[in-house]
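Colleague: Taking the hints into account, I'd like the entire structure generated from these sequences.
Those sequence lines, one after another, are chains A and B. According to this note's numbering, the first sequence is numbered sequentially starting from 1. According to this note's numbering, the second sequence is numbered sequentially starting from 1.
Certain hints may be false.
[Unchecked claim] Here are the simulated BS3-like cross-link-like pairs (lysine-lysine), alpha carbons at most 27 Å apart as the crow flies:
#, chain 1, residue 1, chain 2, residue 2
1, A, Lys215, B, Lys27
2, B, Lys175, A, Lys25
3, A, Lys25, B, Lys171
4, A, Lys27, B, Lys27
5, B, Lys25, A, Lys25
6, B, Lys25, A, Lys27
7, B, Lys27, A, Lys25
8, B, Lys25, A, Lys175
9, B, Lys215, A, Lys137
10, A, Lys27, A, Lys137
11, A, Lys215, B, Lys25
12, B, Lys215, A, Lys25
No wet-lab data here; the hints were simulated from the structure.
2 protein chains.
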Amino acid sequence: MTAPSNLITAAILVIGDEILSGRTKDKNIGYIAEYLTNIGIDLKEVRVVPDEEDEIVAALNALRGRYSYVFTTGGIGPTHDDITADSVAKAFGVSIDIDPRAVAIMQERFAARGVEMNEARLRMARIPAGAELVENKQSGAPGFMIGNVIVMAGVPSIMQAMLDAAAPRLKTGVKMISETIRGDVREGDIGTELGEIARQHPNATIGSYPFFDDKSGPNTNLVIRSRDAGSLAAARTDVEAMLKRVRGTLKATA
Amino acid sequence: MTAPSNLITAAILVIGDEILSGRTKDKNIGYIAEYLTNIGIDLKEVRVVPDEEDEIVAALNALRGRYSYVFTTGGIGPTHDDITADSVAKAFGVSIDIDPRAVAIMQERFAARGVEMNEARLRMARIPAGAELVENKQSGAPGFMIGNVIVMAGVPSIMQAMLDAAAPRLKTGVKMISETIRGDVREGDIGTELGEIARQHPNATIGSYPFFDDKSGPNTNLVIRSRDAGSLAAARTDVEAMLKRVRGTLKATA
Numbered sequence: 001m002t003a004p005s006n007l008i009t010a011a012i013l014v015i016g017d018e019i020l021s022g023r024t025k026d027k028n029i030g031y032i033a034e035y036l037t038n039i040g041i042d043l044k045e046v047r048v049v050p051d052e053e054d055e056i057v058a059a060l061n062a063l064r065g066r067y068s069y070v071f072t073t074g075g076i077g078p079t080h081d082d083i084t085a086d087s088v089a090k091a092f093g094v095s096i097d098i099d100p101r102a103v104a105i106m107q108e109r110f111a112a113r114g115v116e117m118n119e120a121r122l123r124m125a126r127i128p129a130g131a132e133l134v135e136n137k138q139s140g141a142p143g144f145m146i147g148n149v150i151v152m153a154g155v156p157s158i159m160q161a162m163l164d165a166a167a168p169r170l171k172t173g174v175k176m177i178s179e180t181i182r183g184d185v186r187e188g189d190i191g192t193e194l195g196e197i198a199r200q201h202p203n204a205t206i207g208s209y210p211f212f213d214d215k216s217g218p219n220t221n222l223v224i225r226s227r228d229a230g231s232l233a234a235a236r237t238d239v240e241a242m243l244k245r246v247r248g249t250l251k252a253t254a
Numbered sequence: 001m002t003a004p005s006n007l008i009t010a011a012i013l014v015i016g017d018e019i020l021s022g023r024t025k026d027k028n029i030g031y032i033a034e035y036l037t038n039i040g041i042d043l044k045e046v047r048v049v050p051d052e053e054d055e056i057v058a059a060l061n062a063l064r065g066r067y068s069y070v071f072t073t074g075g076i077g078p079t080h081d082d083i084t085a086d087s088v089a090k091a092f093g094v095s096i097d098i099d100p101r102a103v104a105i106m107q108e109r110f111a112a113r114g115v116e117m118n119e120a121r122l123r124m125a126r127i128p129a130g131a132e133l134v135e136n137k138q139s140g141a142p143g144f145m146i147g148n149v150i151v152m153a154g155v156p157s158i159m160q161a162m163l164d165a166a167a168p169r170l171k172t173g174v175k176m177i178s179e180t181i182r183g184d185v186r187e188g189d190i191g192t193e194l195g196e197i198a199r200q201h202p203n204a205t206i207g208s209y210p211f212f213d214d215k216s217g218p219n220t221n222l223v224i225r226s227r228d229a230g231s232l233a234a235a236r237t238d239v240e241a242m243l244k245r246v247r248g249t250l251k252a253t254a
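Modeller: Rendered as structure tokens:
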């Protein structure tokens, strides 16, 4: 598929031992993936790394050099295992300190909720030099954006609030459009023909996803994606004609 | 934390455009993570990459050189977008062809279900030279294991059957044990003290995970993990004493 000149790409970096141990099941990857698709940003890679500075720095530097944006989740709370902000500062080679803007926001929120500011909570105001804050309507303590990296919380409701706050600042590209066609065939019945159609439509990508229907048994969803509506429609016409033909043949030989 | 000499590590490589577009929400990472923890294998990294050969080869080669095992999910079906087996062969620099062992298994299963063998389905019998098959009790077409890489389907029920089949062949290490303590404090109330306890117990890792309780509001789970029961118990004693102290102080000042 030809890449348009304004293709905007992204990676997600999930930071947290609790995801790797299986104790916490990630809910952020799928949410961010769908969100980015909807605003015209192509998610190209995801990594999950432990709460270890070297791992975070290495992954972040690999990803931020390669994609338009990197979204991190996790590790910006008030405890010793929250080392994301410091790791991001290290990756960028900048200093990090308690940020008066973040403190002011947190003081106001904490006062309203009757929570005391202390050494641990001040840790959440540590922001790398040069970063912009990302508002957190959910619980106050902000995320931040530095260069092309958006640093967000791991708690899904807080991450979602931060993503809403960051999104208007992002460059976006031509939105990928997609259509799903229910095949009513097994994947293996159409593999060869579908591959041929995919080759004939280089401006669309065609994915084949098997699923099991409780009533009718093994089935397949075909998903056609393109940034161009005409290319998508042309591929769709060929896919539908092929499906009709194959279903006819299967019926005749059944 | 001191790494025992028999530490067995792993990475997961999820392959699939549908995960990156957000269309399909991954259910395999959390399942495999928990499974590996339970059998004494430390999951250290996860990557999600698109259905692109260069990306799969690069990620696989980075991961298989670094960890004891790499588990891949996705991309071994009968359609043109299933390119995992060929990419794995390329990463290992070996040939790939239709494997008579895989064909025999599939012929038997297909005959029993009245499904015809065809060119597309034969694609699922393409196995890199030197690989061992991994049984698929769910739907027949096998996964495979080559070197330290275990190649599995993306459909969760099939992946789970393959993981069960592969697990008995794997080396495993001393199992990580963990205990969860409900804090009944906010994370920010204990951050400083918890960090001090974590430093005093280098053979345990202590994670702090905020959650919201519908009855009592913001709360925190503390998870202590160690391979040594004595180290875990010692850390637990200190964490519980600290929690009692902090809760007392909060009550007195409330």
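Colleague: Enumerate the violated hints, using their earlier numbering and listing them in ascending order.
Modeller: none
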